[in-house]
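Peer 1: Place chain B on chain A using the hints.
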Amino acid sequence: MRAVANLSLNDGAAGSRRRGLMQRLGMRGILELGGIYAALVLVLFETLYPLLWVLFGSLKTKQEMLSNVWGPPSSLVLQNYADAWRIAGMGSRIVNSIFVTGSALIILVAVATPCAYAVARLRSPDAVLWSQSRLRPCWCRRR
Amino acid sequence: MILPAAILFGLFYLWPFVNGFWLSLHNWDGFSDPTWAGFSNYMRLAHDRIFLGALRNNLIFVVAVVVLKNVLGLGLALLLNRALLGRAFFRAAAFIPVTMSFVAVGLLWSWIYNPVFGLLNSGLDLIGLAGLKRSWLGDADIALYSIIVVDVWKWLGFHAVIYLAGLQTIPSELYESAKMDGAGPLQRFRHVTVPMMMPIIFINTILGLSGAFVRNFDIVYVLTKGGPNHATEVVLTYMMSKAFQDGAMSYAAAIGYVLFMIVGLASVGLLALMRRQRLDV
Chain A
557 MRAVANLSLN DGAAGSRRRG LMQRLGMRGI LELGGIYAAL VLVLFETLYP
607 LLWVLFGSLK TKQEMLSNVW GPPSSLVLQN YADAWRIAGM GSRIVNSIFV
657 TGSALIILVA VATPCAYAVA RLRSPDAVLW SQSRLRPCWC RRR
Chain B
35 MILPAAILFG LFYLWPFVNG FWLSLHNWDG FSDPTWAGFS NYMRLAHDRI
85 FLGALRNNLI FVVAVVVLKN VLGLGLALLL NRALLGRAFF RAAAFIPVTM
135 SFVAVGLLWS WIYNPVFGLL NSGLDLIGLA GLKRSWLGDA DIALYSIIVV
185 DVWKWLGFHA VIYLAGLQTI PSELYESAKM DGAGPLQRFR HVTVPMMMPI
235 IFINTILGLS GAFVRNFDIV YVLTKGGPNH ATEVVLTYMM SKAFQDGAMS
285 YAAAIGYVLF MIVGLASVGL LALMRRQRLD V
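Protein sequences, first through last, are from chains A and B.
Residue numbering for the first sequence follows my numbering, beginning at 557 and increasing consecutively.
Residue numbering for the second sequence follows my numbering, beginning at 35 and increasing consecutively.
Just so you know, these hints were derived from the structure itself, not from any lab.
Please note that the accuracy of each hint is not assured.
[Stated by the list, open to error] SDA-like, lysine to any residue: derived pairs with alpha carbons at most 25 Å apart: (1) B:K213 - A:L587; (2) B:K213 - A:G591; (3) B:K167 - B:F192; (4) B:K167 - B:K213; (5) B:K167 - A:Y605; (6) B:K167 - A:W609.
[Unchecked claim] To give an idea of the interface, some chain A residues facing chain B are shown, with a C-beta separation under 10 Å as derived from the structure: (7) L604; (8) G613; (9) M621; (10) L622; (11) I654.
For glycine and all other residues, C-beta sits at the position ideal for the given N, C-alpha and C.
Same shape as in the complex, but just chain A (with noise of 0.2 Å):
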């Protein structure tokens, strides 16, 4: 504690507000607070990492890829992305991605709009057992 108190007299707000940390949650608080971080950051590692390592392979060389498995790049091969558009041929697959997606999201609107207006205003025996029903969708809840 003296030493924390020595460092508030240094450098004033900084370390007066880090003293009115330790006292507020105290020695048990601190380490509740550390373990905390610490499983998050095993967390963020575990989901966060294997990701990164794609994007290092990608401009890494092939030699690289097996001999420095962990590490980031020693320099920066972008032949990877060049053979991917060339030989792959991505522009292509990107155009029919964008295809498939644009005609499913046109036709999806069309068709479930006016179904969701329907079943919203439906009065008959048929709506309302289908208001009464468990299955029923949130998006379709009155009231």
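Peer 2: Using the frame of chain A, we list chain B on its own:
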């Protein structure tokens, strides 16, 4: 105005559904005329060792995935629910794998598990645990569990977000009064968090169950194609290989109906359980 949707629904859901059942009662190779076979396809299934193995793998997959997603998801949600510096960043990061496609996730993990340049084996080398190195997808004893890890990795953020939403609906008064009565952190978790989270636990279980039964094809197919020697075969991959490699269309249809019956029974059982617990979801 329902008509367009009803036509699409009938044409692409109801008709194949009925037609598939009719097909499962015939023998059909996909080209020649179907011949009547009665229930013989279903009889054959009961003695098909590969099918029974696939069913067993599928059940292991379902149980492991549902338990892990719920336990780890709730744990992650509890961490992300605290007032922390950089909380929004951690929340976003945890959700990233959910947004990735199954094929991309499958390829990524087949590289991680790769015995030659894989992240996992060389990581074990780095920390001096070379004895644990495996051919993660080539070893028949552990390949299924390797796939389970991938599925949990992909969906963990999704379940954690649902738990997080549930945690935020619990009134803080409950925690305060429990604290006043002298309940420690574990007791507060056991007697406040868990009872209040029951509906959320049910939702996550249902989502996990349905996903594990009928949405495990892509991940298994990309990672192992059901191999080595059917060690990771699940019902859907077996159905696919029967239909399009062996040309046994009607046999594959019968497999599909058996899976449908199992999923249907599991869903009805869960819904009945929910009604009894008076959980309206």
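Peer 1: Against the earlier hints, flag every one the structure doesn't satisfy and list their numbers going up.
Peer 2: 3, 4 and 11
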